[in-house]
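Q: Okay, here's what each chain looks like letter by letter:
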Amino acid sequence: MAVEDTKRKDTARAGAAGPRKLDRRDVLKGLSTVPALGLFGYAWSRQRRYQQAKLEEAAPQAAPGALQEINVALLGAGAQGQVLTDAMLRIPGLRFRAVCDVWTEYNQKRVVNQMRKFKHEVNAYEDYREMLDKEKALDAVVIATPDFWHSQHAVDCLKAGKHVYCEKEMSNTLEGARAMVAAARDTGKLLQIGHQRRSNPRYLHCYKRLLGEAKLLGRIVTINGQWNRALTPDLGAPDRYAIPDARLKQYGFRDMRQFRNWRWYRGLGGGPIVDLGSHQIDIYSWFLGANPTAVTARGGNLYHDPVTHEWYDTAMVVYDYDTPLGPAMGYYQTQTTNGSQGYFENFMGDQGTLLISESDVHGAKLYRDTNAPAWDTWVQRGFIAAPKVQEVKEKADTAVTDVRESVSPDEHKVPIVMRDPVHQPHLQNFFDAVRGKATLNCPSEEAYATAVAVLKVNEAIEAKSRLAFAPEDFKI
Amino acid sequence: MEDATLARWPMIAITTLRVFVGWHFLYEGIAKLTSPSWSAAGYLKQARGPFAALFKGLAAQPNLLANADLITMWGLTIVGILLILGLFTRLASLGGIGFIVLFYLCNPPFVGYFYSIPTEGSYLIVNKNLVELGALVVVLVTGTGRFAGLDRIVHGLVGRRPRLSA
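Chains as they are written, first to last, in the numbering used here: chain R, 1 to 476; chain Z, 1001 to 1166.
These are calculated hints, taken from the structure and not from any lab test. Please note: incorrect hints may appear among the correct ones.
[Unchecked claim] Only pairs whose alpha carbons sit at most 20 Å apart, straight line, appear in this in silico DMTMM-like list of lysine to aspartate or glutamate:
| # | chain 1 | residue 1 | chain 2 | residue 2 |
| --- | --- | --- | --- | --- |
| 1 | Z | Lys1032 | R | Glu105 |
| 2 | R | Lys117 | R | Glu105 |
| 3 | R | Lys117 | Z | Glu1028 |
| 4 | Z | Lys1032 | R | Asp86 |
| 5 | R | Lys136 | R | Glu121 |
| 6 | Z | Lys1045 | R | Asp86 |
[Stated by the list, open to error] Distance ranges between label pairs, derived from CB positions:
| # | chain 1 | residue 1 | chain 2 | residue 2 | range |
| --- | --- | --- | --- | --- | --- |
| 7 | R | Lys119 | Z | Ser1122 | 40 to 50 Å |
| 8 | R | Arg381 | Z | Gly1121 | 45 to 55 Å |
| 9 | Z | Val1126 | R | Thr293 | 31 to 41 Å |
| 10 | R | Lys134 | Z | Lys1056 | 33 to 43 Å |
| 11 | Z | Gln1061 | R | Ser359 | 14 to 24 Å |
| 12 | Z | Gly1112 | R | Asn113 | 37 to 47 Å |
| 13 | R | Leu235 | Z | Tyr1123 | 36 to 46 Å |
Remember, it's a predicted structure, so these values are computed and weren't measured experimentally. Built from N, CA and C at the ideal position, the CB exists for glycine as well.
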C-alpha cells in the first residue's frame, strides 16, 4: 500500500543514524506544528481582549492601564506585621518604602530582606518619628505594633498626613481609641481597623445575601461563639538577637520576655478576650445590627501563673442585645489551654442557624429549621448549596426516645471559597479606599464600638457583676 | 529507533495529542504569568494525602514559595511551547511529567482523601492529571518531534555533521 510505503520511507529517514540530508519533506514536517503556536497566539489575544473588556466593564472609573501606585510603610514587623506583609505582597499597585521596628536585630531585618527580594527598596527605621520625618512620599502606614502603642502611632501617622491601617485592638484603652477616631476626623485621612472578617467574602456573602436579602435565619435570638487556643509556649528569643535593656525600656518593655509575650501583660495588651474575642464579638454586633446593652462575664487564671500571665487565660461572657427585631443574647468563650474545635460564631434564628468561621475547618454552613419556608429558591440562585440531608440513625428498640426531639435540620454549605490570605481582602479594601474607589469596611467609629464592648469584659470579670452599656457609650 | 516504528496515522494522532497537551500547558503557564497576583499558595495549602505536609510547608515559606511560583509559571509555559513545536520533545515531555506528578501528589484522589475545593468531576485514583501524564508518556516514548516537529530539523542538522568516530 502507498501509505505503508510512505511509512517505510519515513521510518528509514527518521531512524537513520549518522550523516543524512535534510530535504524539503523534513523541513515541511518539521515546521508542520508551528502554525498551532500561531493559532494559540491568536486565541490568546482574543481571550486577553475579552478579559480586558470584562475588567473595564467591572471598573468603569478605573484609569486605563496602570494602577495608581501607593507608597506604603510597615510599622511593626513582628508576627502580625509578617502576616500583613505576606498578604500585601500579593496586592498589585503597592510600593513599599519603609519598615520600622524596634527589634532591629531580628524582625526589622527579616521583613526588610523579604521586601527586597520582592524588589521593594525599603529604608529601615527604629523610631517611627524619624520615619515620618524622612519619608515624605508615604501615602499610607500599616501599623502592627503591640496594642498599647496603637493610639500614639496611629494618631501621629494621621497627623503626618498618612492614611492608616491599624491592627485591632485599635487601642488597649478607650481614651486611646477615642484619640484615634478624633485624629482621623480632624485630618480627614482614612483609618481602617484590622477586623478583617468585615471584608472576608464569606462573611460579606452571609451578611448581605443570607441575612440581608434572603433573611434565612429569621430573627436571631441567640449566638454562641468561641476561640479555643491550645497552650502556647513562651515565645523566647535567642540571646544573640536580644534587644539592649535601654532600648527595651525606651519603648515600654521591662525585659525581652515581656517584649516577646506582650499580649500576656496588663497595660500592654488586653488578654485573650481582646486578642481573640474582639474579632468575633465585632461580628456579633455587625450581624445583629445592634451594640450590646449589658455584659456579664466570668474569667480568671485557671491554668497559668498570674505572675507571667497577668491577663485572664479563660473568659466566659454573655452579652444582652436589643436588636431591631427584638431581644437577643450572645455567649462567647475563649480559653488558652485547649484548641479543640477552634474558632467559630454560631447565629441561631427562629428559621435557621448559621455556623460561620474565618477558618476553613468550619467554613460556613446553614441549617434550615423545620418551621422555615423552603430554601429552594436560594439554592437555585446559588446563595447556598443543595442540602446534605442529616443522617438519621436507627435507634435500638430499647433506646428511650424523647418524643419532643426536633428533627435534625438539613445542612447547606455556603458556596464561598476563600483562597487568599484572610487579611488580603481587608487590606485591599483599605488601599481601594485610598485610591477613592471604595469606602472602608471597618472605619474607626465601627471599631470603637467593638472596643467598647470588648474592653468592658475585663471590667465585668473584675467587678464580678453584670455591667450595663448606655447607647451613648458607643457613640463618639 | 522506537520512535519510528509506528505507522503514519498513529503518528499523526500522537502528534495531535502532543500539540493539545502543549497547548494546555502553555495556556496554564501564560494565564499564571499574566495574572498579577497568582501564587501556588492557594493550591498548596489545600494539599491532601501523604505529601500534604511537604506542600503546605512550601506554601508557608515565602522565599521558597516565590521560587516555586516562578518555576511553575515559566516551566509550564516553556514546556507548552516546546511540545507544540516538537522541539526537544523528550526533554519537554519529561519536564511536563515532572510537573504533573507534583500536581497529582499535591491532591491525589486516593481512597479516603477528598479535595476541599469542589471539582468539576468525580475521580478515584485516576484523574485528569494522571490522564495527561499518560499522554505525555506516549509522547515521550514515541518521540513525535522527529516525525512532525522541529526535532526533525534539529536532528537532521546535527545528523549531517561528520561524526568523529566515522
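Q: Each hint: holds or not?
A: A quick look at each hint next to the structure:
Restraint check for Lys1032(Z) and Glu105(R): not satisfied, since their Cα atoms lie roughly 37 Å apart, outside the 20 Å limit. Using a Cα cut-off of 20 Å, the hinted pair Lys117(R) and Glu105(R) holds, with the two alpha carbons roughly 19 Å apart. Annotation: proposed proximity of Lys117(R) to Glu1028(Z) is violated, straight-line Cα distance about 25 Å (limit 20 Å). Taking the CA atoms of Lys1032(Z) and Asp86(R), the gap is near 19 Å; set against the 20 Å cutoff, the hint holds.
A hinted pair counts as satisfied when its Cα atoms are at most 20 Å apart, and Lys136(R) with Glu121(R) qualifies at roughly 15 Å. A distance of roughly 14 Å separates the Cα atoms of Lys1045(Z) and Asp86(R); the hinted pair therefore holds under the 20 Å criterion. In this structure the hint that Lys119(R) and Ser1122(Z) lie 40 to 50 Å apart at CB holds, the actual value being about 43 Å. At about 24 Å, the CB distance of Arg381(R) to Gly1121(Z) disagrees with the hint of 45 to 55 Å.
Between Val1126(Z) and Thr293(R) the Cβ separation comes to about 59 Å, which falls outside the hinted range of 31 to 41 Å. A C-beta distance of roughly 40 Å is found between Lys134(R) and Lys1056(Z), which places it inside the suggested range of 33 to 43 Å. Taking 14 to 24 Å as the suggested C-beta distance range, the pair Gln1061(Z) and Ser359(R) conforms, at roughly 21 Å. The beta-carbon spacing between Gly1112(Z) and Asn113(R), approximately 41 Å, falls within the hinted interval of 37 to 47 Å.
Restraint check, Leu235(R) to Tyr1123(Z): a C-beta distance of roughly 43 Å satisfies the suggested window 36 to 46 Å.
Figure legend: structure checked against the earlier numbered hints; hints not met, in rising order: 1, 3, 8, 9.
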